[in-house]
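Listed in order, the protein sequences are those of chains A and B.
All the letters of the first sequence, read from the start, carry residue numbers 142 to 520 under the working numbering.
All the letters of the second sequence, read from the start, carry residue numbers 142 to 520 under the working numbering.
Treat the hints as calculated values from the structure; they're not laboratory data.
Some hints could be false.
Below, in silico cross-link-like pairs of lysine-lysine (DSSO-like), each with a Cα-Cα straight-line distance of 27 Å or less [said to hold, decoys possible]:
#	chain 1	residue 1	chain 2	residue 2
1	B	308	B	323
2	A	294	B	373
3	B	370	A	294
4	B	294	A	370
5	B	308	A	373
Partner residues aside, some chain B positions facing chain A, computed with beta carbon under 10 Å [as the list claims (entries may be wrong)]:
#	residue
6	344
7	366
8	367
9	371
10	373
11	375
12	377
13	379
14	402
15	405
16	410
17	413
18	434
Residues from chain B shown here face chain A by an in silico Cβ test under 10 Å; the list is partial [claimed, not checked]:
#	residue
19	291
20	293
21	329
22	372
23	376
24	406
25	408
26	409
27	412
28	414
Virtual Cβ for every residue (Gly too), placed ideally from N, Cα, C.
2 protein chains.
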Amino acid sequence: MLRRRMGYADPTSGRDLLGNRSLCFIFICAFGLVTLLQQILYGKNYIKRYLDSYDGSYDYNSTACKELRQEIMDVKVLTMVKTSELFERWRNLQVCKWQQNMVETNNFKMSLSRCCNAPSFLFTTKRNTPAGTKLRYEVDTSGILPISTEVFKMFPDDMPYSKSQFKKCAVVGNGGIIKNSKCGKDIDSADFVFRCNIPPINDKYSADVGAKTDLVTINPSIITERFQKLEKWRRPFYEVLQNYENSSVVLPAFYNTRNTDVSFRVKYMLDDFDSQRGVFFFHPQYLLNVQRFWTVQGVRAKRLSSGLMLVTAAMELCEEVHLYGFWAFPMNPSGIFITHHYYDNVKPRPGFHAMPHEIFNFMHMHTRGILNVHSGPCT
Amino acid sequence: MLRRRMGYADPTSGRDLLGNRSLCFIFICAFGLVTLLQQILYGKNYIKRYLDSYDGSYDYNSTACKELRQEIMDVKVLTMVKTSELFERWRNLQVCKWQQNMVETNNFKMSLSRCCNAPSFLFTTKRNTPAGTKLRYEVDTSGILPISTEVFKMFPDDMPYSKSQFKKCAVVGNGGIIKNSKCGKDIDSADFVFRCNIPPINDKYSADVGAKTDLVTINPSIITERFQKLEKWRRPFYEVLQNYENSSVVLPAFYNTRNTDVSFRVKYMLDDFDSQRGVFFFHPQYLLNVQRFWTVQGVRAKRLSSGLMLVTAAMELCEEVHLYGFWAFPMNPSGIFITHHYYDNVKPRPGFHAMPHEIFNFMHMHTRGILNVHSGPCT
């Protein structure tokens, strides 16, 4: 039995090995041919570049960089190319030192100023929302909140930030892309740091994400789910906010009727604890205008992310805007899988946000020199 | 014209004056006769007593005092005599020094111990209400609250007070009777002071009502009406409680379903402010038992006052119980009108409490030497 089985097995495996070897050879030849054709078609010496250059070593205005930028701009819509193709073009662009394009930036800022005007309307203020105003909700458009004196008193007198007040701003997204980036120092050196959804910034993460926070958004769903709407104990939530030193907080209180009370409770809580922290509420009309602005630019979603909202606001409030942790793909530009957030891998509700579209949009803006998307490690 | 009118007026007024004088004379005679008859009937020299004696000067066991006590006990029900008659008998009794009747007191305490057992059941505790208990509300008897672990954790391990733990207790009601009583020192000298419904005890009132507070009840309706159910700012209410130094608070959280959340919020609030103040909830079964106990004693009401609840609890927790500010009549015993509360004149919902019945009951208990009702000024 044993001999028969062995006798039967040997010749077969010998034939298989021979067949595999031939297949391997054919594959290698084909790969070489494709690579050669690619290089001929694009006319660029990839091997040379990857040996000679490092990230940011090429001048912004060099011919090579202009071409590399054009490669990104040629992708008009996200679906035009495979993600891997887009990633490659993006990776290639990293050899070019990013530089702000003042003309593009100023044009963009002017468009924003016309549509949205963050320095006047980002938050509801005593100035832009007098007592008695019938405030229309962002999504429950049939719902109207008459601004009582009590609510009015919770608003700041005026917008706390003015046009291009801050030189360099960092907007920190929560994407897994920022993990191991060591961008903490870079971020903390910004004049103003925006963060989304009260993310963790403790010692475990600060080397990558920094700690400085000047404005952080709070999604009321977090308060509802993790802090029982602040109807019970409030100190646990207060202590979460204590992590963000002197940062102000901003809530979409007027997104829908459900958000209002729970958002106001953050203000009640901070008042109760004698906190001097600023508490602001996004002006629903500002958010609607921003949504409309991006729809025109081709970024459509049921709901734009709070990250995009902050980036849009930052574009008006800062001279130069740097994005970290914004990357909505399951892989980093090198094709390595990354977690959804830098602190967990909880996926969002499908179909709610349009993150890849938003990121694609940021890639274009980066390419046009309007903002700087940091998707790799900071050196 | 002038002369005619004068001529007409003069004789008429002369006749009237003469008639009034005769009437006056008849009245005075009648009054004298009635007073004389009264004195003969009762066999007591009122005039002499009111000249010679002062409050508390007669010995408890003197024949005169026994008789004066009997006069009160003879009034079996409040409607048997006019209030003025009851007041007079009460006023007369004040010449007798009050003394505790140990036999009566111990019998009473024993009855309470059997029916109600405050040292074990006054508040819900971890011991008497384990997690998982299906707690029946006091009035919404169809409503049942399953005690979750979260609620259970808010209960004290065991009752904080034991049987006859305190020598002398003062239970301070909020009746206008206490105004100008100067009983503050008296009250503050007690070993344990109970107060009802977080009344004001600031400098304006403390000479009359004292300041020491060991346990104060909070009616959730106050929180609902004056502190927006603690759903908004909580510090204003916290600061009200700060007036009561180290006093514990007790709430009828399980009176009806409406009371529960708002009562719990007092605990959340105090936890949030790191307060060490005790927060207790009346055990609904204790309150039901006390209500039943007093119904048997003839004190019926839709809802017994929190004052009566405290007095009942005090009877078990203290050796000697002194009542101040308990007087539910529109006049003091001397017939002078008084305000409803010592701090305002807001009348309660009619037909809800049965205060006069409760007070009448206390007058009997005072007379029997079970507790001491202070209705006059403290000397």
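So, going through the hints one by one against the coordinates:
no.: 1; hint: B:308 with B:323; verdict: holds (22 Å)
no.: 2; hint: A:294 with B:373; verdict: holds (14 Å)
no.: 3; hint: B:370 with A:294; verdict: holds (20 Å)
no.: 4; hint: B:294 with A:370; verdict: holds (20 Å)
no.: 5; hint: B:308 with A:373; verdict: violated (38 Å)
no.: 6; hint: 344; verdict: violated (26 Å)
no.: 7; hint: 366; verdict: violated (16 Å)
no.: 8; hint: 367; verdict: violated (15 Å)
no.: 9; hint: 371; verdict: holds (9 Å)
no.: 10; hint: 373; verdict: holds (5 Å)
no.: 11; hint: 375; verdict: holds (5 Å)
no.: 12; hint: 377; verdict: holds (9 Å)
no.: 13; hint: 379; verdict: holds (8 Å)
no.: 14; hint: 402; verdict: holds (8 Å)
no.: 15; hint: 405; verdict: holds (7 Å)
no.: 16; hint: 410; verdict: holds (8 Å)
no.: 17; hint: 413; verdict: holds (4 Å)
no.: 18; hint: 434; verdict: violated (35 Å)
no.: 19; hint: 291; verdict: holds (8 Å)
no.: 20; hint: 293; verdict: violated (15 Å)
no.: 21; hint: 329; verdict: violated (31 Å)
no.: 22; hint: 372; verdict: holds (7 Å)
no.: 23; hint: 376; verdict: holds (4 Å)
no.: 24; hint: 406; verdict: holds (8 Å)
no.: 25; hint: 408; verdict: holds (9 Å)
no.: 26; hint: 409; verdict: holds (5 Å)
no.: 27; hint: 412; verdict: holds (6 Å)
no.: 28; hint: 414; verdict: holds (8 Å)
Taken one by one, the earlier hints fail for this structure at numbers 5, 6, 7, 8, 18, 20, 21, listed in ascending order.
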